[in-house]
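Novice: Residue numbers (the numbering used here), protein chains in the order written: chain W, 1 to 162; chain Z, 1001 to 1199.
I should point out that these hints are in silico values taken from the structure, not numbers from a laboratory.
Built from N, CA and C at the ideal position, the CB exists for glycine as well.
One or more hints might be untrue.
Facing chain Z, a subset of chain W residues (Cβ under 8 Å, in silico) [to be verified]:
id, residue
1, Ala44
2, Ala47
3, Gly114
4, Met134
Per the computed footprint, the stretches of chain Z lying under chain W, defined by three or more beta-carbons under 8 Å from a beta-carbon of chain W, are [said to hold, decoys possible]:
id, stretch
5, 1108-1115
6, 1151-1162
7, 1166-1180
Here are the in silico distance ranges between beta carbons for each label pair [as the list claims (entries may be wrong)]:
id, chain 1, residue 1, chain 2, residue 2, range
8, W, Ala80, Z, Met1112, 37 to 43 Å
9, Z, Phe1132, W, Asp118, 36 to 42 Å
10, Z, Gly1133, W, Asp90, 51 to 57 Å
11, W, Pro119, Z, Thr1163, 17 to 23 Å
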Amino acid sequence: MSFRYLHETSEQAEGVAVVDALQAALAAEHAALWAYGLVAAYDADAASRVSDMVDQHQRSRDTAANLVANQGAAPVSPHAAYTSAEPVDDAASAHRLAITIESDCSAAWRVVIGCTDDPTLRGSALAALTESAMRLVSWRRMSDAAQLTEAFPGDPQLPDGV
Amino acid sequence: MTRRTPVTRRAFLGALGLGALGVAAACSGGSDERQTITVTEGPSGTEPEQTVDSDSDPDTSTSAPDDSAETPALPPASRAKMLELLFTTRMHRQRLAAAIDANERDAELLSMIRSDREAHEAVLAAEFQRIFGEPAPAEEGTADELGVSDPDEILGIVRGDATTAQNLFTDEMSAVSRFEAQIFGSIAASLATHRMVLS
Chain W
1 MSFRYLHETS EQAEGVAVVD ALQAALAAEH AALWAYGLVA AYDADAASRV SDMVDQHQRS
61 RDTAANLVAN QGAAPVSPHA AYTSAEPVDD AASAHRLAIT IESDCSAAWR VVIGCTDDPT
121 LRGSALAALT ESAMRLVSWR RMSDAAQLTE AFPGDPQLPD GV
Chain Z
1001 MTRRTPVTRR AFLGALGLGA LGVAAACSGG SDERQTITVT EGPSGTEPEQ TVDSDSDPDT
1061 STSAPDDSAE TPALPPASRA KMLELLFTTR MHRQRLAAAI DANERDAELL SMIRSDREAH
1121 EAVLAAEFQR IFGEPAPAEE GTADELGVSD PDEILGIVRG DATTAQNLFT DEMSAVSRFE
1181 AQIFGSIAAS LATHRMVLS
């Protein structure tokens, strides 16, 4: 399972059924949790930071799973393994992977906001989007990226690392 | 010259009955399902609440809700709300310009944030034009000077602006169209990151 697949489905949020958007968000959270194991393995200095982020992703995953179940559907399960666009073999590539997975999570939660009229669900999705956007800034900072913030987190039109 | 065909009372009533049946069929959408629509009084000052029960198949009554069928889509933000969001964004962008002039130490960081706020303003102006069919008013704010020169105080002011704006967009996101909810939510998340980098 590639981390980048989510962007292909996030452009037309208004036409997406809410349960499908939630399943995509859950799938992104599953992928993030798997990927952070890899990130931690290649950047021991970031272990504490990664641990906090994993805690946040676990909460977002549980939230997504509960919301899917509330829609009357069975939450998607995590894949056994995932593939990244580039090999992860040092701290820098691990940081780039973290940026990719947070971009995916941001995009997925942004779609959830755009496919429901339920204010509570919008609020939950916004909380997850905001956390993801802040983690993204954190990784960009660690990667010495020129641009830390972005105007529209989760917007699939923007390339990673911008 | 035309010849009128006499219409008997029985034929007239028969036609009336067929017409009524046709209207009933049209209203039911041609479906065999029976629906019971219950309208109850909502809390004072709110719209009545509408509940739709289907009794054609008990299993379907607990299936995933279809929010496109009975729930009307939420409207876009009102003109007054859009102007409030737009003018607030514009004023903050102007204050950022003043902050950049007054705080050389953090000019790069503040310029990055201003760039985001310019993008927010442009999208809000485009949305205003799309919904109201006219360009957004070009009123300028009154934020030419910050009144402080200490860099940390300046950052504090900009951070306060980001907090104010984040709250505005978050509040407004809950009751607008899906398209605007996505925009406002994304802007609110962006503003949270601004507060983060300004801390």
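Novice: Could you tell me which of the hints above the structure violates, numbers in ascending order?
Specialist: Those not satisfied are hints 1, 2, 6, 9.
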